[in-house]
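Fit chain B to the given chain A structure using the hints.
Protein chains: 2
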Amino acid sequence: MAAKPTQDDAFVTEITKQSVDFSRWYLDVVRKAELADYSPVKGFMVIRPYGYAIWELIQQQLDQRIKASGHVNAYFPLLIPESLLKKEAEHVEGFAPQVAYVTHGGGEELEEKLVVRPTSEAIIGVMYAKWIQSWRDLPVLINQWANVVRWEKVTRPFLRTTEFLWQEGHTAHETADEAQEETMKILALYKDVCENVLAVPVMDGRKSDSEKFAGASRTYSIEALMGDGRALQAGTSHNLGQNFAKAFEIQFQGRDKTVQHVWTTSWGVTTRLIGAVIMTHGDDSGLILPPAIAPWQVVIVPIPRGTWKETVLPKCEEIRDQLKAAGIRVKLDADESQTPGWKFSEYEMRGVPLRLEIGPKDIEKSSVFAARRDTRAKASIPMDGLADAVKGLLAEIQAGLLERARKFRDEHTFSADSYDEFKATMAGRPGFVIAPWCEDAACEAEIKAETQATIRNIPEGYGEAPGKPCIKCGKPAQVSAWFAKAY
Amino acid sequence: MAAKPTQDDAFVTEITKQSVDFSRWYLDVVRKAELADYSPVKGFMVIRPYGYAIWELIQQQLDQRIKASGHVNAYFPLLIPESLLKKEAEHVEGFAPQVAYVTHGGGEELEEKLVVRPTSEAIIGVMYAKWIQSWRDLPVLINQWANVVRWEKVTRPFLRTTEFLWQEGHTAHETADEAQEETMKILALYKDVCENVLAVPVMDGRKSDSEKFAGASRTYSIEALMGDGRALQAGTSHNLGQNFAKAFEIQFQGRDKTVQHVWTTSWGVTTRLIGAVIMTHGDDSGLILPPAIAPWQVVIVPIPRGTWKETVLPKCEEIRDQLKAAGIRVKLDADESQTPGWKFSEYEMRGVPLRLEIGPKDIEKSSVFAARRDTRAKASIPMDGLADAVKGLLAEIQAGLLERARKFRDEHTFSADSYDEFKATMAGRPGFVIAPWCEDAACEAEIKAETQATIRNIPEGYGEAPGKPCIKCGKPAQVSAWFAKAY
Numbered sequence: 001m002a003a004k005p006t007q008d009d010a011f012v013t014e015i016t017k018q019s020v021d022f023s024r025w026y027l028d029v030v031r032k033a034e035l036a037d038y039s040p041v042k043g044f045m046v047i048r049p050y051g052y053a054i055w056e057l058i059q060q061q062l063d064q065r066i067k068a069s070g071h072v073n074a075y076f077p078l079l080i081p082e083s084l085l086k087k088e089a090e091h092v093e094g095f096a097p098q099v100a101y102v103t104h105g106g107g108e109e110l111e112e113k114l115v116v117r118p119t120s121e122a123i124i125g126v127m128y129a130k131w132i133q134s135w136r137d138l139p140v141l142i143n144q145w146a147n148v149v150r151w152e153k154v155t156r157p158f159l160r161t162t163e164f165l166w167q168e169g170h171t172a173h174e175t176a177d178e179a180q181e182e183t184m185k186i187l188a189l190y191k192d193v194c195e196n197v198l199a200v201p202v203m204d205g206r207k208s209d210s211e212k213f214a215g216a217s218r219t220y221s222i223e224a225l226m227g228d229g230r231a232l233q234a235g236t237s238h239n240l241g242q243n244f245a246k247a248f249e250i251q252f253q254g255r256d257k258t259v260q261h262v263w264t265t266s267w268g269v270t271t272r273l274i275g276a277v278i279m280t281h282g283d284d285s286g287l288i289l290p291p292a293i294a295p296w297q298v299v300i301v302p303i304p305r306g307t308w309k310e311t312v313l314p315k316c317e318e319i320r321d322q323l324k325a326a327g328i329r330v331k332l333d334a335d336e337s338q339t340p341g342w343k344f345s346e347y348e349m350r351g352v353p354l355r356l357e358i359g360p361k362d363i364e365k366s367s368v369f370a371a372r373r374d375t376r377a378k379a380s381i382p383m384d385g386l387a388d389a390v391k392g393l394l395a396e397i398q399a400g401l402l403e404r405a406r407k408f409r410d411e412h413t414f415s416a417d418s419y420d421e422f423k424a425t426m427a428g429r430p431g432f433v434i435a436p437w438c439e440d441a442a443c444e445a446e447i448k449a450e451t452q453a454t455i456r457n458i459p460e461g462y463g464e465a466p467g468k469p470c471i472k473c474g475k476p477a478q479v480s481a482w483f484a485k486a487y
Numbered sequence: 488m489a490a491k492p493t494q495d496d497a498f499v500t501e502i503t504k505q506s507v508d509f510s511r512w513y514l515d516v517v518r519k520a521e522l523a524d525y526s527p528v529k530g531f532m533v534i535r536p537y538g539y540a541i542w543e544l545i546q547q548q549l550d551q552r553i554k555a556s557g558h559v560n561a562y563f564p565l566l567i568p569e570s571l572l573k574k575e576a577e578h579v580e581g582f583a584p585q586v587a588y589v590t591h592g593g594g595e596e597l598e599e600k601l602v603v604r605p606t607s608e609a610i611i612g613v614m615y616a617k618w619i620q621s622w623r624d625l626p627v628l629i630n631q632w633a634n635v636v637r638w639e640k641v642t643r644p645f646l647r648t649t650e651f652l653w654q655e656g657h658t659a660h661e662t663a664d665e666a667q668e669e670t671m672k673i674l675a676l677y678k679d680v681c682e683n684v685l686a687v688p689v690m691d692g693r694k695s696d697s698e699k700f701a702g703a704s705r706t707y708s709i710e711a712l713m714g715d716g717r718a719l720q721a722g723t724s725h726n727l728g729q730n731f732a733k734a735f736e737i738q739f740q741g742r743d744k745t746v747q748h749v750w751t752t753s754w755g756v757t758t759r760l761i762g763a764v765i766m767t768h769g770d771d772s773g774l775i776l777p778p779a780i781a782p783w784q785v786v787i788v789p790i791p792r793g794t795w796k797e798t799v800l801p802k803c804e805e806i807r808d809q810l811k812a813a814g815i816r817v818k819l820d821a822d823e824s825q826t827p828g829w830k831f832s833e834y835e836m837r838g839v840p841l842r843l844e845i846g847p848k849d850i851e852k853s854s855v856f857a858a859r860r861d862t863r864a865k866a867s868i869p870m871d872g873l874a875d876a877v878k879g880l881l882a883e884i885q886a887g888l889l890e891r892a893r894k895f896r897d898e899h900t901f902s903a904d905s906y907d908e909f910k911a912t913m914a915g916r917p918g919f920v921i922a923p924w925c926e927d928a929a930c931e932a933e934i935k936a937e938t939q940a941t942i943r944n945i946p947e948g949y950g951e952a953p954g955k956p957c958i959k960c961g962k963p964a965q966v967s968a969w970f971a972k973a974y
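Residue numbers (the working numbering), protein chains in the order written: chain A, 1 to 487; chain B, 488 to 974.
Be careful, since some hints might not be right.
[Unchecked claim] Derived EDC-like pairs: lysine to aspartate or glutamate, alpha-carbon spacing no greater than 16 angstroms straight-line:
id : chain 1 : residue 1 : chain 2 : residue 2
1  : A       : K42       : B       : E599
2  : A       : K315      : A       : D256
3  : B       : K600      : A       : E90
4  : B       : K554      : A       : E56
5  : B       : K830      : B       : E844
6  : A       : K365      : A       : D384
7  : A       : K42       : B       : E595
8  : B       : K529      : A       : E82
9  : B       : K600      : A       : E108
10 : B       : K699      : B       : E926
Bear in mind the hints are in silico, worked out from the structure with no lab data behind them.
If we strip away everything but chain A, and leave its shape as in the complex, we get (with noise of 0.2 angstroms):
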């Protein structure tokens, strides 16, 4: 769409400096950098198109690696029967409070009242029931692109908002081991899309059961640490043992001829992430976006002087087709009706990677003059091999950023041994902090109620018994828990 500013959109200087308040310059940069707008309806948000180019990056790299790692993509049901979402005890009791009822269609009152998906176990549920009859069908490794909705109190544009975009894989499996190879395998997946294509670093780790999905044996997270010290759980992945095989009777005829349930999974991560880039490397200027997902790598800014349209402005077209054929996303604007200054701003604040300001004297030089987003360096470049120079550029910001981002959640990863320690430490937004646990959720919701932090995840790595006592009971912890004010 035509993205040229309106009158209140002028000014970036309007956005909320991080320091004073975290929150409103989160919806400040939204909104600016157009991200994403309220809509009519309360607690949906309208994605407009700057923000949707970015999910389209984002859903290209997690698309690719599900389908590598042997998925394919359905599509099932918007709606489900109320009667289904009921079969899975668990299920049904965490789901219930949020869902949406359709109680009405084409005219009449439906005689059984259908649910708008909040997720998909059940409608899918019933088609494994039928599609899968023997081992020979095993495993089933389906994800679906979908919107899902969910009735939240309070929304916030990305972070949570009653209806979201998401991928929602769902299989099927033989043994439990293979189940849980799978969701290892998808929890892995996840991080290395966070950590290598939106530059967030996270910490992967099993959910503590008071945290589980309805109706999991196991969840696990990825966990990520935003600007203002709070935890964003950026996407889960659920082994769902036999719980879901047993409400809808998916049943196969295993290798020794028995009939046996099948092992499920599913996993999801959602329109959220765009939240968790926006808090992971904005600053006071506006959005950071990482190379990967920019759907702007590079701009180009003319400097109008003297006879630039013949000379300055030809010279950037062909800098602007060079680098197209190079791969690389890059915008001219060559707009007359507003000054270089004005538009050194506007790119800033929408996170644009890099900047190239070409001038009568650059084109003398034979150079452009470029500035990173990130950094805010700037320096001189020959035209002369230019996108390589500038593909090296784009590979940096988007390395740098994760070291960046990475640094700044060690610097925010504290220890406490004993539940004064945790209390002090856990005073404010500090970031982690890892603490022994008893495993006993008693503990858990105590440490929840005293001080607003609650266990993020059990990372794999200090998941063995520490050796210490828990902190809140002081009875012998069983693992070291990632605690966290989160989002």
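Using the frame of chain A, we list chain B on its own:
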């Protein structure tokens, strides 16, 4: 997913012959080729991986062209307040009987009922009113990939389902001319995709007033002819005039400083296109897919004789990798539990354009045995330069399918100058009958009641007054209209 056939899928001879019952043939193909399945919710289908892979290929081709013509993607809410739908009078009248209502969310009855989007003009209209202020903001060229729900009494997989997937473009322009230009540009884009990707020839033209989109000034469609002689509307492009702009107060300050309403368009194609492909190209053996949208363009079937595993299989793998490297979508089926004969039928039924058989003798001759799905022509091809030969064959198949379908369509297109001639020609399912029409809706309705034929559209080339009397009332005809019995 594991697409291994289960017992009841094993016999492709179970497909009803087209000549016996075209409608049952269609359903058999959809089920046997695992394109779609019925779901537990009446009228909702599951798009299975093989069907969805076709949709993804269609999507890619459409999306590329939509973006190349200056449009960007975005995402708008699934649920629309009922009051918004009611703002455009004709729009609500057209869609009200078909909508599904969400009345409860989060455990509470909603203050205002929400409609599951049947199309998104209303919700997008509200946003455009917010985003557009000046002529500088125009045009707005946005597309959305989404699911929509329209309650249907009689459904058929892909052709008419209560929920379907589509893209819907929504644009806003400064002038009436620009909106009309956009409407026609998209119609041409749709025609290009249908003919050059799906190999489905279409007739493009204007809909009669009674067949217009609810709220449109003018609706244009592309119409295809199915193998049973019935027409199928394959896509529509609407010039909405200022109807929605006025209903939603989408205004801008013009170049002359006056406040004006924008001119809007909307346009869409759906998963119905998959139905068009099935019914245009399929035969008694099942599906025939044009290479451009075939999930597997080539299947390699090794002939398991003697020491095939040491000789034939490695060669098959080598050829698979060669073809893959050349950008060809190829599947090697080395499954020992099925015979080559079974595989031949299976991949024919699934419409794979080209089969390569490779046995010990082919290896000796350093050639492969190729069988085309479309013409069933068979030939030996040297392994040397195989990828290029395969590419050539696929291009031939793609072109051949379009040519064959165009020939069929032309042979099933007739004209009639009197009502008696029209009725005689329209008996059974002859295809299209072109006839002079006065543009009076009463004549159109009577013709439909008496012959079941509807006006599919009025092609531009045939749009001038034919200088003949209307076949129904005898008054001077305004246009030559294309009539057919339609899906």
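Tell me if the straight-line CA distance from K699(B) to E926(B) falls inside 16 angstroms.
holds (13 angstroms)
Between K600(B) and E90(A), is the straight-line Cα distance small enough, at 16 angstroms or below?
violated (29 angstroms)
Could you grab the alpha-carbon distance between K830(B) and E844(B) and see if it respects the 16 angstroms cut-off?
Holds, at about 11 angstroms.
Restraint status (C-alpha distance of K315(A) to D256(A) at most 16 angstroms):
Violated: K315(A) and D256(A) sit about 72 angstroms apart, past 16 angstroms.
Pair hint outcome, K42(A) versus E599(B) [Cα-Cα no greater than 16 angstroms]
holds (11 angstroms)
Does the structure keep K365(A) and D384(A) at a Cα separation of 16 angstroms or less?
holds (11 angstroms)
Keeping to a limit of 16 angstroms between CA atoms, is the pair of K554(B) and E56(A) held or broken?
This hinted pair holds, its Cα atoms lying about 13 angstroms apart.
For the pair supplied as a hint, K529(B) and E82(A), is the alpha-carbon distance within the 16 angstroms limit?
holds (14 angstroms)
16 angstroms Cα cutoff - pair K600(B), E108(A):
This hinted pair holds, its Cα atoms lying about 14 angstroms apart.
Between K42(A) and E595(B), is the straight-line Cα distance small enough, at 16 angstroms or below?
Holds: K42(A) and E595(B) sit about 14 angstroms apart, inside 16 angstroms.
When each numbered hint is compared with the structure, violations occur for hints 2 and 3.
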